[in-house]
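From just these sequences and the hints, can you work out the full model?
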Amino acid sequence: MNSVLIQGHPGIGPKATGLALVADDNFSARYDLNRIEGVFSRPAHKLFGQAYVGKILVLNIAKGGVATAWMLHEMASRGMAPAALLLNYANPIIAQGAAFGGIALVDRFDVNITARIITGDTVSVDPATGEVIVSVAQPA
Amino acid sequence: MKLNAFEQAMRAGEMGAARQRAIEQQIQVGRFFDAEDFVEVVQAHIMADTESLGEAGVRFLEELAAEPESDNRVCIPTITDPRGADFNTFERIRHDPAYVELERRADQAFRALGILMTDTCINYQTILPPVRGEHLAMGDTGVVIYSNSVFGARTNYEGGPSALAAALTGRTPRYGFHLDEMRRGTRLFRVEQQPTDWSQWGALGGFIGREMGSYYDVPVLDGITSPPGSDDLKHFGAAMASFGSTALFHMIGVTPEAPDLATVFANPVPPARAIKAKDITDFFASYAMPDDALDVVVFAAPQLSLFELDRLAGLLQGQQIHADVSLLIATSPENKRAAERMGLDARISKSGAILMEGVCFYQMHARELGEANGWKRLMTNSAKLVNIIGGYGYEPMLADMERCVASAIAGRIV
Numbered sequence: 001m002n003s004v005l006i007q008g009h010p011g012i013g014p015k016a017t018g019l020a021l022v023a024d025d026n027f028s029a030r031y032d033l034n035r036i037e038g039v040f041s042r043p044a045h046k047l048f049g050q051a052y053v054g055k056i057l058v059l060n061i062a063k064g065g066v067a068t069a070w071m072l073h074e075m076a077s078r079g080m081a082p083a084a085l086l087l088n089y090a091n092p093i094i095a096q097g098a099a100f101g102g103i104a105l106v107d108r109f110d111v112n113i114t115a116r117i118i119t120g121d122t123v124s125v126d127p128a129t130g131e132v133i134v135s136v137a138q139p140a
Numbered sequence: 141m142k143l144n145a146f147e148q149a150m151r152a153g154e155m156g157a158a159r160q161r162a163i164e165q166q167i168q169v170g171r172f173f174d175a176e177d178f179v180e181v182v183q184a185h186i187m188a189d190t191e192s193l194g195e196a197g198v199r200f201l202e203e204l205a206a207e208p209e210s211d212n213r214v215c216i217p218t219i220t221d222p223r224g225a226d227f228n229t230f231e232r233i234r235h236d237p238a239y240v241e242l243e244r245r246a247d248q249a250f251r252a253l254g255i256l257m258t259d260t261c262i263n264y265q266t267i268l269p270p271v272r273g274e275h276l277a278m279g280d281t282g283v284v285i286y287s288n289s290v291f292g293a294r295t296n297y298e299g300g301p302s303a304l305a306a307a308l309t310g311r312t313p314r315y316g317f318h319l320d321e322m323r324r325g326t327r328l329f330r331v332e333q334q335p336t337d338w339s340q341w342g343a344l345g346g347f348i349g350r351e352m353g354s355y356y357d358v359p360v361l362d363g364i365t366s367p368p369g370s371d372d373l374k375h376f377g378a379a380m381a382s383f384g385s386t387a388l389f390h391m392i393g394v395t396p397e398a399p400d401l402a403t404v405f406a407n408p409v410p411p412a413r414a415i416k417a418k419d420i421t422d423f424f425a426s427y428a429m430p431d432d433a434l435d436v437v438v439f440a441a442p443q444l445s446l447f448e449l450d451r452l453a454g455l456l457q458g459q460q461i462h463a464d465v466s467l468l469i470a471t472s473p474e475n476k477r478a479a480e481r482m483g484l485d486a487r488i489s490k491s492g493a494i495l496m497e498g499v500c501f502y503q504m505h506a507r508e509l510g511e512a513n514g515w516k517r518l519m520t521n522s523a524k525l526v527n528i529i530g531g532y533g534y535e536p537m538l539a540d541m542e543r544c545v546a547s548a549i550a551g552r553i554v
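In order, the protein sequences belong to chains A and B. Under this note's numbering, the residue at position 75 of the first sequence is numbered 75, and the numbers go up by one with no gaps. Take the position in the second sequence, starting the count at 1, then add 140; the result is the number in this note's numbering.
Simulated from the structure, these hints should not be mistaken for lab results. Glycine is no exception: its CB is placed at the ideal position from the N, C-alpha and C atoms. Check before you lean on any hint, since a few could be wrong.
[As the list claims (entries may be wrong)] Facing chain A, from chain B, some residues (calculated, C-beta under 10 Å):
(1) 165
(2) 171
(3) 195
(4) 280
(5) 299
(6) 302
(7) 315
(8) 353
(9) 530
(10) 531
Pasting the structure below:
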């Protein structure tokens with residue numbers, strides 16, 4: 001395995017590790033998700049139909065409204081939340097939701113995070129330092 | 141973050157556990173955005189519909205409500221965004237009674253905290269308009285963008301838990317749109333054809349919102365030739381905020397911080413992006429339907445003003461909504477009472493339309509309502525709503541109010 005360190009701004013929430021789910025698209029819990037089934041439900045979203053529960057969700061920016069602040073907490077209470085959120089740019093709602101829901105969040109990386117991580121990579125996130133370690137399986 | 145003596149005491153728990161938890165949560169957010177300190181706020185507005193709260197969120201509020209009154213009462217005037225169920229009309233729209241019960245529990249918990257149940261996203265039209273320079277903790281994107289842009293007040297997006305924290309502490313981290321330097325324009329748009337209808341204003345806002353790259357982008361509009369009305373700016377701002385996560389815009393010659401281009405841009409004025417009539421036509425076309433099937437027409441997002449209700453009552457006068465279509469309208473409790481006093485409610489209801497109060501369509505389990513009523517094809521004049529509701533399983537179409545009403549009467553898209 002090769003490991004790559006990506007540096008973001010110090011974030012919010014506990015350490016997290018999981019498989020990445022990545023798209024060059026944006027994020028709102030209300031607009032984009034079927035939170036009962038744990039899948040992206042907005043037809044126009046690049047992750048439409050994909051399951052996000054337990055994943056390290058890697059997207060571009062936070063968009064949409066304020067509901068995500070409550071919804072991350074609600075999703076976590078049912079064990080239906082992503083393990084962490086990595087965004088190029090968060091907005092206040094995502095930060096407030098991560099603080100209230102206890103979900104790992106890091107943003108403002110030194111690279112375009114959606115181009116640097118590939119779906120299926122194993123990713124470890126340390127919000128206290130803003131460090132993200134990506135483990136990539138070496139080609140056979 | 142620098143904390144003053146009062147804030148340090150609050151953090152140490154001297155003002156109770158609830159305020160201690162609230163300020164700890166705010167410090168996390170403040171550090172995330174590199175806030176240097178807190179700023180006192182004079183009003184909070186909480187979005188907490190039960191669809192967002194869920195059982196976990198309602199339990200959180202009930203536990204807070206059970207704490208000693210000295211600990212849990214809000215310390216600044218605090219009001220609410222639309223709720224998750226209308227206790228008067230829920231049976232007519234087959235709203236699951238379990239959700240209505242959840243709403244009753246949340247409502248009781250909020251009242252125990254001293255929160256004023258205004259249940260509205262148009263508080264700037266109906267409750268207490270902000271004043272330029274006031275620092276606020278507003279919890280609805282449409283309220284935030286209107287307060288910042290049209291009034292020159294100062295607020296970030298404050299999601300439900302965050303607005304509640306501000307209500308308990310009386311302050312919020314000083315970052316984002318509380319700071320002078322963040323309120324300058326970053327992008328310039330030149331409008332070549334001014335909108336003439338609420339849905340067109342929404343489409344213009346949605347078009348600009350799609351262009352925004354982050355929360356901190358501040359679009360500036362030039363080329364507006366006559367001042368838009370409050371409902372125009374309501375649809376415009378709400379759609380821009382919804383599509384763009386945008387919290388502030390400036391309109392040259394219209395909004396208070398934008399007398400001219402030189403004032404609004406800190407740096408040299410960037411080149412303007414022209415918005416042509418075709419851009420708006422294309423925006424509408426992106427929500428066109430391949431056939432004329434129709435299930436439900438919705439006027440909401442934001443809640444309707446008294447003037448919008450008046451126009452709607454005029455269009456529905458002496459008409460009957462088609463038996464195969466539902467027509468739903470959402471307004472604030474204040475406007476509902478006014479509509480009753482002025483005879484608008486009677487004219488609207490006689491047509492078969494359902495006038496709901498204190499709710500908004502997308503905040504009341506729209507997916508389940510669609511399944512219970514067989515609603516899929518939805519028509520609205522709200523650009524904000526077409527942006528949101530696709531994720532709930534609907535096929536949304538955007539059109540002006542007159543065409544929406546005509547379609548509801550015909551039973552098909554006309």
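Can residue 171(B) be said to touch chain A, with a Cβ gap under 10 Å?
Hint on residue 171(B): holds, closest Cβ of chain A at ~7 Å, below 10 Å.
If you take the shortest Cβ to Cβ gap from residue 302(B) to chain A, is it below 10 Å?
4 Å, holds
Using the nearest Cβ pair, does residue 530(B) come within less than 10 Å of chain A?
6 Å, holds
Cut-off 10 Å, beta-carbon criterion: hint that residue 315(B) touches chain A:
8 Å, holds
Hinted contact residue 280(B) with chain A - closest CB pair below 10 Å:
6 Å, holds
Regarding the hint that residue 165(B) lies at the interface with chain A, is the smallest CB-CB distance below 10 Å?
5 Å, holds
Could you check if residue 353(B) really has its C-beta closer than 10 Å to a C-beta on chain A?
7 Å, holds
Holds or violated: is there a CB of chain A closer than 10 Å to the CB of residue 531(B)?
4 Å, holds
Is the interface hint satisfied for residue 299(B)? The criterion is a beta-carbon contact with chain A at less than 10 Å.
Residue 299(B) check passes; min Cβ-Cβ to chain A is 2 Å, inside 10 Å.
Would the hint on residue 195(B) be counted as holding, given a Cβ-Cβ threshold of 10 Å to chain A?
Since the shortest Cβ distance to chain A is 7 Å, the answer is holds.
In terms of the numbered hints stated before, the structure departs from none.
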